[in-house]
Every structure is written in structure tokens, then in C-alpha cells.
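The listed protein sequences correspond, in order, to chains H and Z. If you're matching positions, the first sequence starts at 1 in the numbering used here and goes up one per residue. If you're matching positions, the second sequence starts at 274 in the numbering used here and goes up one per residue.
Do not rely on the hints blindly, as some may be mistaken.
Below, in silico cross-link-like pairs of lysine to aspartate or glutamate (DMTMM-like), each with a Cα-Cα straight-line distance of 20 Å or less [unchecked claim]:
{"id": "1", "chain 1": "H", "residue 1": "K219", "chain 2": "Z", "residue 2": "D380"}
{"id": "2", "chain 1": "H", "residue 1": "K219", "chain 2": "Z", "residue 2": "D379"}
{"id": "3", "chain 1": "H", "residue 1": "K28", "chain 2": "H", "residue 2": "D39"}
No lab work stands behind these hints, which were simulated from the structure alone.
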Amino acid sequence: METPRTGTSFKPEEAYAAAAERFFELMKTFGMAGGTSTDWKALAAPLATQFERWLQMSQAMTPWFSAATPGPFGSASFGAPAAAAFGPLAFGPAAVSSAPPARTLELLGQLVRLQGELARHWSEIAGTAAQRFVARLGAAPAAPATPQQALQLYEIWVNCAEEAYAATVHREDFSRLQAELANTSAALLAEQRQQAESLVRALGLPTRSEVDGLNAQVKDLRRELAGLMQSRGATAASGGAAPGSAGAQRGAKPKRAPQVRPRAGRRARGPKR
Amino acid sequence: MRASGAGAGAALADITVQVSETLALIAAARDVTVGCSLKEPVWHCGKTTLYRYLPLTAATRARPVLICFALVNRPYVLDLQPERSLVRRLLEAGLEVYLIDWGEPDDADRHVDLEEYIEQHLGGSVRCIRSRHRGERLELLGVCQGGVLGLCYTALHPDAVADLITLTTPVDFQTPENLLSKWVRGLDTALLERCGNVPGELLNGLFLALMPLRLTQQKYVRLLANRPDQRAVEDFVRMEKWIFDSPPQSAAALAQFVRWFYQENRLMRDTLCIGGRRVSLSDIRQPLLNLYALEDHIVPASASAVLGERIGSRDYTGCGIATGHIGMYVSRAAGAEVPRRIISWLAERS
Chain H
1 METPRTGTSF
11 KPEEAYAAAA
21 ERFFELMKTF
31 GMAGGTSTDW
41 KALAAPLATQ
51 FERWLQMSQA
61 MTPWFSAATP
71 GPFGSASFGA
81 PAAAAFGPLA
91 FGPAAVSSAP
101 PARTLELLGQ
111 LVRLQGELAR
121 HWSEIAGTAA
131 QRFVARLGAA
141 PAAPATPQQA
151 LQLYEIWVNC
161 AEEAYAATVH
171 REDFSRLQAE
181 LANTSAALLA
191 EQRQQAESLV
201 RALGLPTRSE
211 VDGLNAQVKD
221 LRRELAGLMQ
231 SRGATAASGG
241 AAPGSAGAQR
251 GAKPKRAPQV
261 RPRAGRRARG
271 PKR
Chain Z
274 MRASGAGAGA
284 ALADITVQVS
294 ETLALIAAAR
304 DVTVGCSLKE
314 PVWHCGKTTL
324 YRYLPLTAAT
334 RARPVLICFA
344 LVNRPYVLDL
354 QPERSLVRRL
364 LEAGLEVYLI
374 DWGEPDDADR
384 HVDLEEYIEQ
394 HLGGSVRCIR
404 SRHRGERLEL
414 LGVCQGGVLG
424 LCYTALHPDA
434 VADLITLTTP
444 VDFQTPENLL
454 SKWVRGLDTA
464 LLERCGNVPG
474 ELLNGLFLAL
484 MPLRLTQQKY
494 VRLLANRPDQ
504 RAVEDFVRME
514 KWIFDSPPQS
524 AAALAQFVRW
534 FYQENRLMRD
544 TLCIGGRRVS
554 LSDIRQPLLN
564 LYALEDHIVP
574 ASASAVLGER
584 IGSRDYTGCG
594 IATGHIGMYV
604 SRAAGAEVPR
614 RIISWLAERS
């Protein structure tokens, strides 16, 4: 039996309870709480508001856009110790400025602007979904009086909402916005990491760039070794290896000539901001 | 219009009871196990493990089957539970089944690229299996993104693969209904790569955002509507476990996959190179069975069905099955049809 490596995101009871809660909210809006009149046309506005709020909440939980805050991307707040106004010459961690660099502020501003654009899309989707729902119900007789009727109404609502969602999210402007949001979030994360590297370097600890550089060197050496061994006929043509053996761990890349890749390793030795 | 007050109130109360009963069943099913067939590790490369499933019956076919699953999900969905297991159906048919589990890439794997996955991890698995079976060529079964890797490998190493089966495998990444493709087309992949490995939660969030109400809300309400018993809830929770059990993605491999396939559509344009070697679908001359889902929101049928027009093989069987992407692996209907088609197709080519 497998042991799933589900992280914190796997909480089936919570997900189910949250979906049930929203279902109840919807049913109450449909007048199911009892005794309330159900004017379907008047429902469009509250339905749209509920859906828009849900879309915004769901988006806020999506890690694509959460680089600015601690999230699954691993971006934490990298607040460096503040340099004293008076005191000895800044050295070590104190040498790192605590003020967010201009680029970070620029990216944060960009992110806020893009999220504003996204909010307008959510609003449009929610409004369209509610209108579709009202139109589809037409002259439906009454609010649901049985669980079956409630579920049927729910299915209609989901269909309308998904149709409205699809109509917007397939559009080029929405797709471009999605990409811009992801790119800005990634740029912000990269910026934060760069700041973190400055701090780590000031503390005399190895940085990610340096570790990447070493990793790249090891890989290049392994590749070179494999190439040399192959050229000497030392490796078997069929490359199977027992678990844990050196061959199994290394593998071979027979098709590429040995080379030194100048990526992270070189960058690590380059000038740092 | 007016709700019949007492009726509506009673209905709401009834639903409330159902919700709490189902919630209790879900809580009881939280630790349900997944994966039902016994298997043994036979080879490792980096985080990748090649497993061999223990046979359930005498072998009926000399050639072993290698299942190459996607990098973005866990392969145990193919062996979720005895009655929902493609692996088990293949074993029952007397096939020797191997499976690649790509494992859990960490920061040390952030530079593992597609060439390494295809040539070393997949290629190493193929070489290991062939050495265990007297050099016999194998049947390669690629699933989803794993099917893309399988196509690349087969084009590069035609002598190693006897027959190729692709399941929900995209080939044309830019068909009009492919929402995922539209969303990632403007991604800065160099920047993405710089950010390091991509957490599984992020990709999962992206997949769920394709149809958010259906995939994060409606399924729970439908579960409620069906008045499930404990067993049905356990089945449901197994699927939930799998859906939320997404491994992180190597930064380099994911960036390449997005750039080369989604953004540049290289398979279709015949411009793909892996490790300096051209990968051309027209070099695939093996018999090929392509099974795709007709209601797939991740790999639209049109993205997959085009494969038959692109390969060099004259022995091509394409078949659309009326289900969704995940339904291809676990739905009752597809759960019977998919293995049946694979087994009979292979039998015809013995």
C-alpha cells in the first residue's frame, strides 16, 4: 500500500465542510430557509456578489499570485536586521539594507495593479453567471422544497457559473493577465531570493547560487566521467544497475559531449547586488 | 413565487443531517490506503524508482510492459484499489508489468531536465528491463505527460520499443479548447526556472482553476446527493488523496516542458530536439494504440487524436472514450474498457 505524500492541502473534511457551507448559503439565497418569497430576478445581484467573493477567495489561495506573501513557493519575508543609525561600520548582516529595493516596490505595485484587473474579470464572470442563471430559470415555479429540487437547482447554477467562467478565462486578455500575474509573482520571488542571498552571504553561509554552481560542476564531472568510461568501453551497452549501485545513481548521458556548463557556477562567482 | 415554508425548511434540515453524516464518513475514511498490488523496486536513478509488479498469474506474453506515468502526478492512481486498477487488470491478463515512479524531486534535482528524465531515468529503466528479459523489446505504455516522454523516447530509440500505447497523451498543445495551454503560453520560463522547483500544490491549483466550481465544489455536493455509504466515501477519499498528492516539479524539466511543448508546440512543428538529437514523430514506426478521453479538460481529445496523422507507423489505432481525464484511470466504465482494449490490442500483436 502506498503512503501518499499529501501535504497540508489534503483536508477532505474541511474541503467538504466548506463546500457544504457554500451550498447552504446558496440554498438560503434561493429562498430555501423557509417562508421567504423567491423572486428569481432579484436574486441576480446577491448571487453575483456571493460568486465574486468566492472567486476572489479562491484566487487568493492560489499560489501563482502569492509570491509577495509567504506561500507554497517558499517565499518568506526576508526582513534583514536594520542597520543602526549610529554605530560601527556596517559589517556582516548589518551591511544588508532593510529597505525594500526599488525593484521590489515596483513589482509589488505591478502585482496590485494586475490583481485589480483580475478582480474586474471576477466581477464580470459573477455578473454573467447570475444573469445566465436567472434567464435559464425563466418562470420557474418556486424555491426548492425538497433536497432533490435543491440539488437540481444547484446543478443549474454550477452549469451557468462554469459557462460564464469559461467564456472569460478562454479569452486572450485573461490569458495574458494570468501570465503577467505569474511572471510578476515569479519576478518578485526572484527579487526576494536575491535579497536573501545578500543576507546569507553577509553571514558567511553558502548561497543557493553557490550550491547550484557546485551541483552543476558535479553533474558535468559525472557526465565527463561517463563519456570517458564509455569511450574506453568500460560501461556495458545495456545500462541496468542494481538499486543503490554507483551506476544506478549516476546513469549516463551518452549523447552529449562532455562540457562545462557556465550557468549557476559562473553566476555564483559573479558580482552580486 | 413562494417557497412552501415548511417543506423548504424540512428539506434544509434533511440536507443538514446528510451533510453531518457524510462528514463523519469522510473523517473515518481519512487514513484510507491507496495502491493495492504488490511490487518490488528493481532499479533507481536519482529520485526515480523502477518497480516490478509481482505477477498474479502465469505469464502469457514474453514482452514486458513498462508504464511511464506523468511527472506531475503520482502513478498509484493506476493501481488505486483492486476494482479500480489498470495495473491489476494487466497482471491478471498475464502481463509482466513495470512502472516508473519519478519520486519526490528536491532542490538537488532542480536542474534535472527533460533529456535526463528521458535518456537516463526512462532510458535506464528500459535498459534495466531489457537486461532482465534477455534483451527483449518492451511494450511502452505512456500516460498523459508520460506519454509525451514515451513518444520522445520511442522516436529516439526505436529498437527498444516493440509497441507503444499512449493514454490521454497530448501531441498538439495548441488546440483552441486547451485552456491550460492558453494560460501558460505567456509564461516567462527562464524566470520560472530561476525560481526553483515548482511545488505540487501550485500545479494542482492551476489544474483546479480550469473548472473551479466543478472541481472544488460540485464534486462534494454530488457526494452528498448520492447518500454514500462508507465504502463509497472511501473510494472518494482515495481519489481526493491522489488529486492532492502532487509531487514538486524539477524547475528545469518543467520550464522546458512548458516552453517546448505548450509554447512552441515542437512535437507538432517537428522541431523538437532532446540532447541534441531530433525527435520526430514520423520516426515512430511501431504499432501504436492511442486512447484518449472525449471529455478531457486537461488534454482535449483533439490534442491527442492528431497523433495518428503524425507518426510513421501504419499500424495506428486511435480510440476516444466517453469520459474525462481522470475518469480514464478510475471511472467504472473506462476502468473496464481501457484495460480490455490494451490487452486485446497487445494480444493481436503477439
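**Prompt:** Going through the earlier hints one by one, which of them does the structure break, listed in rising order?
**Reply:** Hint check: nothing fails, all pass.
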